[in-house]
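Participant: Listed below, chain by chain, are the residues.
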Amino acid sequence: MSILIAILTLGGLTFLLALMLVIANRKLYVYEDPRIDEVEDMLPHANCGACGYPGCRPFAEALVSGDVLPGKCTVSSEEGREAIAHYLGVSVGAEEKIVARLACAGGTNVAKNRAQYEGLGTCRAASLISGGGKGCFWGCLGHGDCEVVCDFDAITMNQHSLPVVDEALCTACGDCVEVCPKDLFSLQPVNHRLWVACKNLEAGDGVLEDCEVACTACAKCAMDAPGNLITMMHNLPVVDYSENHQTQVPIQRCPTGAIVWLDESGEVVKGKESKKIVRKGERRIGYT
Amino acid sequence: MKIKWPGNSITGTLASFKHGVHPNESKELTDHRQIERMPFSDHFILHLSQHTGVPSIPVVKEGQKVRRGELIAKPGGFVSVGLHTPVDGTVTAIDLFDHPKGQMSPAIKIKTDPFSPQISRQPPVPSPEQLPLNTFIELVQRAGIVGMGGAAFPSHVKFSVPEGKECKVMMLNGCECEPYLTCDHRVMVEYSQELLDGTSILQHFIGAEAIYIAIEANKPDAIHILDQACQVSELPIEVVPLKVKYPQGAEKMMISAILGDEIPAGKLPLDVGTMVSNVGTIVALSQYFRKSLPLVERVITVSGTAVRRPSNLLVPIGTSMREVVDYCGGLTDELARILLGGPMMGVVQKSLEVPVLKGTSGILALSHDEVSDFDTYTCIRCGRCLDACPLFLNPARLGLLARKSLWDEMEDNHVLDCFECAACSFVCPSGIPLVQSFRVGKAMVREKKARMASEKG
Numbered sequence: 217m218s219i220l221i222a223i224l225t226l227g228g229l230t231f232l233l234a235l236m237l238v239i240a241n242r243k244l245y246v247y248e249d250p251r252i253d254e255v256e257d258m259l260p261h262a263n264c265g266a267c268g269y270p271g272c273r274p275f276a277e278a279l280v281s282g283d284v285l286p287g288k289c290t291v292s293s294e295e296g297r298e299a300i301a302h303y304l305g306v307s308v309g310a311e312e313k314i315v316a317r318l319a320c321a322g323g324t325n326v327a328k329n330r331a332q333y334e335g336l337g338t339c340r341a342a343s344l345i346s347g348g349g350k351g352c353f354w355g356c357l358g359h360g361d362c363e364v365v366c367d368f369d370a371i372t373m374n375q376h377s378l379p380v381v382d383e384a385l386c387t388a389c390g391d392c393v394e395v396c397p398k399d400l401f402s403l404q405p406v407n408h409r410l411w412v413a414c415k416n417l418e419a420g421d422g423v424l425e426d427c428e429v430a431c432t433a434c435a436k437c438a439m440d441a442p443g444n445l446i447t448m449m450h451n452l453p454v455v456d457y458s459e460n461h462q463t464q465v466p467i468q469r470c471p472t473g474a475i476v477w478l479d480e481s482g483e484v485v486k487g488k489e490s491k492k493i494v495r496k497g498e499r500r501i502g503y504t
Numbered sequence: 413m414k415i416k417w418p419g420n421s422i423t424g425t426l427a428s429f430k431h432g433v434h435p436n437e438s439k440e441l442t443d444h445r446q447i448e449r450m451p452f453s454d455h456f457i458l459h460l461s462q463h464t465g466v467p468s469i470p471v472v473k474e475g476q477k478v479r480r481g482e483l484i485a486k487p488g489g490f491v492s493v494g495l496h497t498p499v500d501g502t503v504t505a506i507d508l509f510d511h512p513k514g515q516m517s518p519a520i521k522i523k524t525d526p527f528s529p530q531i532s533r534q535p536p537v538p539s540p541e542q543l544p545l546n547t548f549i550e551l552v553q554r555a556g557i558v559g560m561g562g563a564a565f566p567s568h569v570k571f572s573v574p575e576g577k578e579c580k581v582m583m584l585n586g587c588e589c590e591p592y593l594t595c596d597h598r599v600m601v602e603y604s605q606e607l608l609d610g611t612s613i614l615q616h617f618i619g620a621e622a623i624y625i626a627i628e629a630n631k632p633d634a635i636h637i638l639d640q641a642c643q644v645s646e647l648p649i650e651v652v653p654l655k656v657k658y659p660q661g662a663e664k665m666m667i668s669a670i671l672g673d674e675i676p677a678g679k680l681p682l683d684v685g686t687m688v689s690n691v692g693t694i695v696a697l698s699q700y701f702r703k704s705l706p707l708v709e710r711v712i713t714v715s716g717t718a719v720r721r722p723s724n725l726l727v728p729i730g731t732s733m734r735e736v737v738d739y740c741g742g743l744t745d746e747l748a749r750i751l752l753g754g755p756m757m758g759v760v761q762k763s764l765e766v767p768v769l770k771g772t773s774g775i776l777a778l779s780h781d782e783v784s785d786f787d788t789y790t791c792i793r794c795g796r797c798l799d800a801c802p803l804f805l806n807p808a809r810l811g812l813l814a815r816k817s818l819w820d821e822m823e824d825n826h827v828l829d830c831f832e833c834a835a836c837s838f839v840c841p842s843g844i845p846l847v848q849s850f851r852v853g854k855a856m857v858r859e860k861k862a863r864m865a866s867e868k869g
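Residue numbers (this note's numbering), protein chains in the order written: chain A, 217 to 504; chain B, 413 to 869.
Just chain B, same shape as in the assembly (with noise of 0.2 Å):
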């Protein structure tokens, strides 16, 4: 395929779904930034709910000693995966720690042996090449590699296929579309055939009749180096560059842009025969089965201009975030805000207190220049946030909804689908905080659910 960059991604010759924002993307800060390896603290605390799913459980004791990338916890069921060491040390305690996500979760803390190596001494994970599908995806539960792109949802579940549904269509996800995230960019760049050979483990088992790597149209590097790679490799697989456009990265925009099919409502893209994984976790793959190293460490962007060296950095698992933006200089006066994850879309912290997940993407220090409080005023019905909202639900409706309390009618309006891309909160020229009021209807609805399962059986 014919690279259109650097084409007109304003006139939108590249494919893309409908609706969406344009936030002003503010990668140059790190996206020419070579990922640096960030040394072994002292401390590193594993919280067993790393992921979306039943926590892991744990198989050491208080005073044992780990070596890295040991398993130190288990899945817990089948919607959880394993958990595994970054360092070689002593366990000094299986408490509570406080959890990115405010509440105070179980977590494994390990104290760093001084002469901890970078490499695995873990004993070699058979080729893949010889395995049977379900030793497969065994292993990769075992591994406990997650979607790197932020929900960090099992790999393992989204790579078992259910009986009579097919993969047709593979997507990597290159995209990156929040900004001022570049950890995915430099994954690409600088790993390109880890991603590759990754991805051919993967199709081995899938079977896929074609392989797209979506990468935005603003990155021309990782469009460059992929495509030359793709251009040479056995496998069926095509660089798709797309339009700069927010959410661009989200599954369901993706396979719009790409292949024109609509998700609907409640299903999966497995439903429509395709499946999408984030670059970084097929790099994850690649690097379980062929250096033996499971997940233990993840690449992160440290951003904004409140953080005196933007970096994208290769963190162990369990860092504490303190020491993370310590490593990159420091914070300077003018912090504002920190989030975790991106700007769009990233949770605010109250404490850096708080350890790296296999989930997190970014750690963002905004200064006040980049940070703006709105007052809020009322919907003024403009109707700019049904022009945003790429699910083309009606975010002023809800919005009012939620104002009301009216929280079964939210469920009639199709909250539920919402994901939270905040493009309506984006373009209200109100400043209402549409999607923080969706996230309260979400949950209520669902806590309305549990509760009506519960008392039903």
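Only chain A is shown next, with the shape it has when bound in the complex (with noise of 0.2 Å):
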């Protein structure tokens, strides 16, 4: 009899409380898209950010509500966004593709040290003491912060302790442009291969001394340039991107190579008249 009694309050409670989770489920139910789960699925999970969303889900989200095309996330490989404009039914949107592009050319061999840092082994930490060792105050450090900043293996110091970005494998996230304490970074356009490779404030061959790279504001860029695409500001040259800037005739007088023709291939083109860097080693303090 025991037993009965046990069974019925029990299966009766199960019962009540099953039907509570029923009503529950009907009354309180939000209706997802099943479809972002699935577009999640197929986004890359680095969560950078490079698109403007806080992450994948709600970039997914966005796809899936139609606010944006899959070509935004510069992670994803081109069969990984067709799949997701397919899945869509969308267009792929052609987004141009942007990457980080330092603004230094700097390295050891051509930019004196004037004098030799020895601590916490961080650019950060270095640039707060007396701006770092670099003669160039506006320079490259060479401690890599960048490189270790980035997720994607996109930056490798070279053999002159310069940073070098892989465009194929930078998404513009940004990292490095946050990172560098000298703002050395900024995320251009990939199709921006004229580019002003120093952030020299100086004028004058006295910068020379400090860096062979440097730009020394002799203007010759700016005179050659067709039309307004280049100006001289703060004794530095500006692109204006806005002009036609598929040329390089403004590179070829530049005396140091401050100006350059970033190629395809991942190769710096200096311009004719360009002072030819033969030096493989290290440029030492009081070395010119």
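Think of the hints as simulated: they come from the structure by calculation, not from any bench. Take the hints with a grain of salt, since some may be wrong.
As the list claims (entries may be wrong) - PhoX-like mimics (lysine-lysine), calculated; alpha carbons at most 20 Å apart, straight line:
hint: 1; chain 1: A; residue 1: K398; chain 2: B; residue 2: K513
hint: 2; chain 1: B; residue 1: K570; chain 2: B; residue 2: K486
hint: 3; chain 1: B; residue 1: K861; chain 2: A; residue 2: K398
hint: 4; chain 1: A; residue 1: K398; chain 2: B; residue 2: K860
hint: 5; chain 1: B; residue 1: K521; chain 2: B; residue 2: K486
Stated by the list, open to error - Output of the computed footprint for chain B on chain A, the stretches with three or more beta carbons under 8 Å from beta carbons of chain B:
hint: 6; stretch: 330–341
hint: 7; stretch: 347–354
Built from N, CA and C at the ideal position, the CB exists for glycine as well.
Quick one: dock chain against chain with the hints and give me the complex.
Facilitator: Encoded structure:
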């Protein structure tokens, strides 16, 4: 008898609770598009934020609601973006590829250190002590904070302690822009191939003592450039990318090679009259 | 008050704060040397950002003739001060020049007229006793007076007591706890009358109940001279000898030593009713109101065993460090490192082609015997840094967090309260660059806060 009471009590309780769950499921149900999960699975799960959304899930929601096109995700491969576009029945959205560019070419073979820095091996720490050991205040310190912060292994330090950005791997997430204490990185559309690789605000040949590839503000590039493509501002050429900038004319007479053409193969093309750099080793303190 | 010197400073009968370290003082190189006046050099480079806050704005043009003590840059805002030329001469350039902080920053270059006089021919400044408070504050700002202790914080900001707050105790900081530096020591010995005069000017406006001159017990001559001067003074002024310990001269430590009050985190001395000024600042105040000479020169210590003739110099602001060092006989081959400021908080320099600023308290040329480079090992959790930190922070934990780039956690562990006295790095047996990593951490936290503020507004 007692076993019967127990079965009935618990059975009734189960039934009641199940009823509550059923009602809750019906009344409180929130419809969520099942495509969001599908699309999220197709995304690279990098959560890098390069698309402008806080992570991959919010981006997937925006994709499904049609606010944005898959091309905005710079981390996905070409096939991945096409797969999402095909799944959602939208166009890929020809997003212009954006990459991080470094506005400095002063590796250890051309730029002089005025002091040997010893201490915490990060650019941040070095820049807080009298601006780092480098002769040029604006130049890359070469301790590789950007290489460490890059989640996609797109930045590697070359043999002259200068970061090199792999355009294919760079997703333009902007971490390197944020971490660089000298503000040398900026995000640029990949077709901006005419590039001023210097931030030195000084004028005259005196700057060459600190760095052989620094801009001396001679303004030859601004004179040679068609139209108003290049203007001189604060002793540096500024390229107006709203003009037609697919020309190599301005770089040709640059005496130092501060304004360069970044080739699609990753080669840096310097002008014909630019001084050739042959030194492979380090440019030492006091050595000119 | 009875002076306890030469009593038993070791056993701790003198007032002091808790924690702290005892670095080798090395003050014997210069503490007996009288202040010499350094002759004018050919060129002066006067940076527009000499002080904490907004840079000054130039009011002269290239080619313009200027006279000693003339205003060449006006304050750029409230937290900013005027800038004056130390010599008669011509403005030759307003351009970018090397700044001791490492960057190139705008500065005014002046070519010295060979017949430049030492006295100021500026119109006399009205007697401060007849001035209303706001005119006094304005004049202090115009005179370019900043804190001479090292941070170079504009003095008029400190002197303008906000509504609802009251300054009950005024303290004159003559501790000079940094090893090697003796500039404040010599100022107290040789400018004691100007110091008391400047104090009476400031007291006229502040009206503090008590004034203390805090001096570390390793300066018996300064304590003696000022004590005698205080006894005949009408001011409620008293000399307080303090225990020789680093960082006794930090204002928070000084207040806790003299009054036993602790300033809460993120608060200022005025929140506990005190005001702390460096003795050099007070002397500059007196010189402006009595001799109408704005802040155009300051006393600096040139010391270290790698400089041939260690000295205390009265240097016109804007003199190149190279000239200052050459005036002291130049450097020896033993030179290992050049520091601006004291060895604990000073900044290493990569070049001597930078000018003296208003906040420069010393130039140290250290030889290889005085410098030691450590290899960095892992933290062995000995806890010496916890016993050293005068603010009772946990440097070991902060150092680990900095190594992992956990800036938010560093903020939670109060890294922003750290004033970078370097006591923790000094005692660390593993040679961990603790203070340097805190500087990075503080910069990162501040940057993040600024970014969030700009995103909000």
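Participant: Tell me, in ascending order, the numbers of any earlier hints that this structure violates.
Facilitator: Violated hints: none; all satisfied.
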